[in-house]
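**Student:** Work the whole structure out from these sequences, hints included.
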Amino acid sequence: MVMSENGQLYTIEGIAAALILLVTAFIVVNSTSVYTQGDTHINDMQLELLGSDALSMLNTAPNSSFGKSPLQTIVETDDSALFRTLFLNTINNTTGPGGDRIQYKANVTYVDKDGFVSTLPLSDSPHPFVGGEHAVRVSQWVIVEKRFPDCSAGSCSGKHAVLVEVLLWRD
Amino acid sequence: MAGLRDDAQWIVLMGFIVSFSLFFVAIVINQSTVVGQTTAEAVIEFPKNDIRGMRDMIIQSEFLVDEGVFNNKTNVQNDIKTLSLHRQNSVVSFSSRNPTGSDPHTYIEIHYSNGVTAYNETWRSN
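If you read the sequences in order, they're chains V and H.
So the first sequence is numbered by numbering that gives the first Met the number 0: it starts at 0 and just counts up by one.
So the second sequence is numbered by numbering that gives the first Met the number 0: it starts at 0 and just counts up by one.
It should be emphasised that the hints constitute simulated quantities derived from the structure, not laboratory data.
Possibly wrong hints are sitting among the right ones.
Computed list of lysine to aspartate or glutamate pairs in EDC-like fashion (alpha-carbon distance at most 20 Å, straight line) [unchecked claim]:
1) H/47 - V/144
2) V/145 - H/44
3) H/72 - V/144
4) V/104 - V/170
5) H/47 - V/52
6) H/72 - V/75
7) V/112 - V/144
8) H/47 - V/43
9) V/67 - V/77
10) V/67 - H/55
11) H/72 - V/170
12) V/112 - H/66
13) V/67 - H/61
**Tutor:** Dropping the structure here:
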């Protein structure tokens, strides 16, 4: 071996540095975007489950009787205030002091007697929906003894299925 | 290793190990957010609550009756199909078979499809 062996350690260091640079470049180029907590939709998933459970609770008759559920009564009588009280109490309940800051906007979607689908506002929370919120949508089927939109003739009544849809977002 | 000072080899080795393990940890952390995202998106995209609601309504509607001027059963079943199509982007169809002399059960065939997820069931009363 006439070759000089002087720079072995420097050579190894150089190769290691090159590898680190390559890996760094790979990670940077490979990540097309930076994910933050808000991008991962984990909060959306939790909000959707919460809202859907709250609506299910509202649509359960007291003591599992055969009577009308609170939601059924609210839709039939268009009781915006009662829906607000019950729904906000349910979704904003926390174990700690103070409540959560979830806001909502609820609509009723129905099929009218000519077969057209329309939507009526049912209730909303103190902070109005302006469109910039990052909202999720949950819905609940209800059978009501009312023909939407309001119809007084006898043959207009009977049972109909309507869909209560709620937009939920956290302020 | 002629002519090379080998006093600090241990420190240099430690330097390599620490720097490579930092990179490894960075890659793991980088992946963890993506894993959380795909899980959450999968949960959101699967129409669990839509299917539950639609199934529950169809079974309830089967036991309504058309009485007098009120076509309760017909109306509710038509409402389910129309509203599913308009508001939940899903095609719902169902049919039922009433109890016969030898078989005291009611059967309902339920089909649901939103183009991505399909759900089929033959429900039997008990």
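**Student:** Against this structure, judge whether each hint is valid.
**Tutor:** Hints and how they fare:
A distance of roughly 27 Å separates the Cα atoms of residue 47 of chain H and residue 144 of chain V; the hinted pair therefore is violated under the 20 Å criterion. For the proposed pair residue 145 of chain V and residue 44 of chain H, the alpha carbon gap of about 33 Å is over 20 Å, so the pair is violated. For the proposed pair residue 72 of chain H and residue 144 of chain V, the alpha carbon gap of about 12 Å is at most 20 Å, so the pair holds. Distance restraint check for residue 104 of chain V and residue 170 of chain V: the Cα-Cα separation of roughly 13 Å lies within the 20 Å cut-off, and the hinted pair is therefore satisfied.
In summary, the hint linking residue 47 of chain H to residue 52 of chain V is supported, as the alpha carbons are separated by about 12 Å, within the 20 Å threshold. Taking the CA atoms of residue 72 of chain H and residue 75 of chain V, the gap is near 18 Å; set against the 20 Å cutoff, the hint holds. Distance check on the hinted pair: residue 112 of chain V and residue 144 of chain V sit about 14 Å apart at the alpha-carbon level, within 20 Å; holds. Straight-line distance between C-alpha atoms of residue 47 of chain H and residue 43 of chain V comes to about 15 Å, which keeps the hinted pair within the 20 Å bound.
Simply put, residue 67 of chain V and residue 77 of chain V have alpha-carbon atoms about 15 Å apart, close enough for the 20 Å limit, and the pair holds. At most 20 Å may separate the alpha-carbon atoms for a hinted pair to count; residue 67 of chain V and residue 55 of chain H meet this at roughly 16 Å. Distance restraint check for residue 72 of chain H and residue 170 of chain V: the Cα-Cα separation of roughly 42 Å exceeds the 20 Å cut-off, and the hinted pair is therefore not satisfied. Under the criterion of a C-alpha separation no larger than 20 Å, the hint pairing residue 112 of chain V with residue 66 of chain H is consistent with the structure, at around 18 Å.
A distance of roughly 18 Å separates the Cα atoms of residue 67 of chain V and residue 61 of chain H; the hinted pair therefore holds under the 20 Å criterion.
The structure fails to meet hints 1, 2 and 11 from the earlier list, while all remaining hints are met.
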